[in-house]
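J.: Residues per chain are reported as follows:
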Amino acid sequence: MKPESSLTNAKGPAVRVKSISQMDDRTLGITWTDNESSRFDVVELRRKCPCATCIDEWTHEQILKPEQVAETVRPLKIESVGQYAMSIQFTDGHKTGIYTFAMLRRLAHLN
Amino acid sequence: MSLIKSMQEKILGRPSSITEDMVRSALSSIMDPDLGKDIVSLGFVRNVVISGTDIKLDINLTTPACPVKDSIKTQAEVALKNLPNAGTVSVNMTATTRGQVTPAGSPIAASLGQVKNIIAVASGKGGVGKSTTAVNLAYALAARGSKVGLLDADVYGPSIPHMTRPDAPMQSNSNLINPPMAAGVKIMSIGLFAGGDKATILRGPMVSGVIKQFLTQVNWGDLDYLIIDYPPGTGDIQLTLSQTAPITGAVVVTTPQDVALIDVRKAIAMFDTMKVPVIGVVETMSYFVCDGCDKKHHIFRDGGGARVAKEFGISFLGDVPLEPSVATASDQGSPAVVSHPASSAAKAYTEIAGAVASQVSIIHEAYKDALNHFSIVWNSQN
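Sequence order for the protein chains is V and A. My numbering puts the first residue of the first sequence at 10, with every later residue one more than the last. My numbering puts the first residue of the second sequence at 99, with every later residue one more than the last.
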């Protein structure tokens, strides 16, 4: 039997990062494999951290208050996690957030 | 040149010579069914040599395990022989396995830098024949000329050493461990360190450490395919594997009954969450052929694997019968595809290996622009 062509699921291939770079002091730029480009404010990314200490695991309520994050916070290092996400180490010592590509795309579409 | 041919030439004029453009245009009607493009625009046609009316060329496919290799070769020979005045036609089939490039400087570069494809073999529950599938898949790919490695990530129940009996002891090479070989396949397993009958009693974080070591400190070298035998379920080890290594795709193994299918859905959902493409579903223990009456007995019901594949819109890669020879061969350290190549189980695994290789080529075509690993250091102004 010949398998019909398929990837992850019927939705087709998930988007991945084609290129990623620092645009200016507080802007991260990503071009996705479908050629869409997104820009992210890094302070906003720190405020939207999805980790278990920033978002309640059970109620999904945000524990982190936006005003707790200083305007001066910046990433130190941004690294890929598997083929589906990236982690950001921030200057305030926080580094537990795993930002999935799906989440980043959703954030980009909100702006 | 024969007298007749030279007579014909005198009467009809010299045969018009064949050009490379004519050869390419003749071959451009041949499609690669997996990639959906013709073999000329895919760049498969190489080293075209035309001497007089004789044509010689290579067709370089994306995997030596390509299931349509023979069909493409025949189509090419026919198309070339149909060219006006074509003399002898010689089509040589070669392959360069497509794969990911791991950039230098990434933590996995030393160990996995020259590994082109990493294939996870996983299941929702234990005891469905996952390790048997991983071993036979590895050996079937190797038998077709690919360079293959097999990593046993089932830290609590390592069965690969017993099923393959790797020959050489471990040797340390600078900071990397050299994996021993068994019948041409590189093998790594915690069972090689702990001894066959010793239990591995480790807490989660320790196991994650072991898995990371297998991915960062083993000298895998140049491989077309690294097969990873996942532990059953959707836990710590599966997460660590998918977060540490760029997994090309996953093969999900199940038996046909509902209780296994419930868990295979969870395994598919896990890979979906981590955006690891699911290559397809393999059904094991599909039926038993009675040695008395040759009747197929569907002991664990019929067609479950195909049903779940259809439900998720993924490929059904094949079904493998229950065969006593498979179990015996596994226990004797010689997988069925090597020791019983004529058995229906071995044939099924060989067909599955071909299907996996084509799906992997399709995945690479879809993700050819994607970064497999990135790391950027922020340049702060304050």
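Calculated directly from the structure, the hints in this document are not laboratory data. Computed from a predicted structure; not experimentally measured. Keep in mind that a hint or two might mislead.
Derived pair list, reagent style DSSO-like, types lysine-lysine, alpha-carbon separation capped at 27 Å [claimed, not checked]:
id: 1; chain 1: A; residue 1: K445; chain 2: A; residue 2: K223
id: 2; chain 1: A; residue 1: K167; chain 2: V; residue 2: K27
id: 3; chain 1: A; residue 1: K310; chain 2: V; residue 2: K86
id: 4; chain 1: A; residue 1: K167; chain 2: A; residue 2: K393
id: 5; chain 1: V; residue 1: K86; chain 2: A; residue 2: K466
id: 6; chain 1: A; residue 1: K171; chain 2: A; residue 2: K223
id: 7; chain 1: A; residue 1: K393; chain 2: A; residue 2: K135
id: 8; chain 1: A; residue 1: K445; chain 2: A; residue 2: K393
id: 9; chain 1: A; residue 1: K167; chain 2: V; residue 2: K104
id: 10; chain 1: A; residue 1: K408; chain 2: V; residue 2: K27
id: 11; chain 1: A; residue 1: K445; chain 2: A; residue 2: K466
id: 12; chain 1: V; residue 1: K27; chain 2: A; residue 2: K466
J.: Look at each hint and say if it fits the structure.
T.: Hints versus structure:
1. A:K445 to A:K223: The hint holds at about 25 Å.
2. A:K167 to V:K27: Given pair K167 of chain A, K27 of chain V is violated - Cα atoms ~32 Å apart, limit 27 Å.
3. A:K310 to V:K86: holds, 21 Å
4. A:K167 to A:K393: Since the Cα atoms of K167 of chain A and K393 of chain A sit roughly 33 Å apart, the hinted pair is violated (cutoff 27 Å).
5. V:K86 to A:K466: holds, 25 Å
6. A:K171 to A:K223: violated, 42 Å
7. A:K393 to A:K135: violated, 42 Å
8. A:K445 to A:K393: holds, 19 Å
9. A:K167 to V:K104: Roughly 49 Å between the alpha carbons, so the hint for K167 of chain A and K104 of chain V is violated.
10. A:K408 to V:K27: Given pair K408 of chain A, K27 of chain V is violated - Cα atoms ~31 Å apart, limit 27 Å.
11. A:K445 to A:K466: Not satisfied, since the Cα-Cα distance of roughly 32 Å exceeds 27 Å.
12. V:K27 to A:K466: OK: K27 of chain V and K466 of chain A at ~9 Å, within 27 Å.
In this structure, the earlier hints numbered 2, 4, 6, 7, 9, 10, 11 are contradicted, and the remaining ones agree with it.
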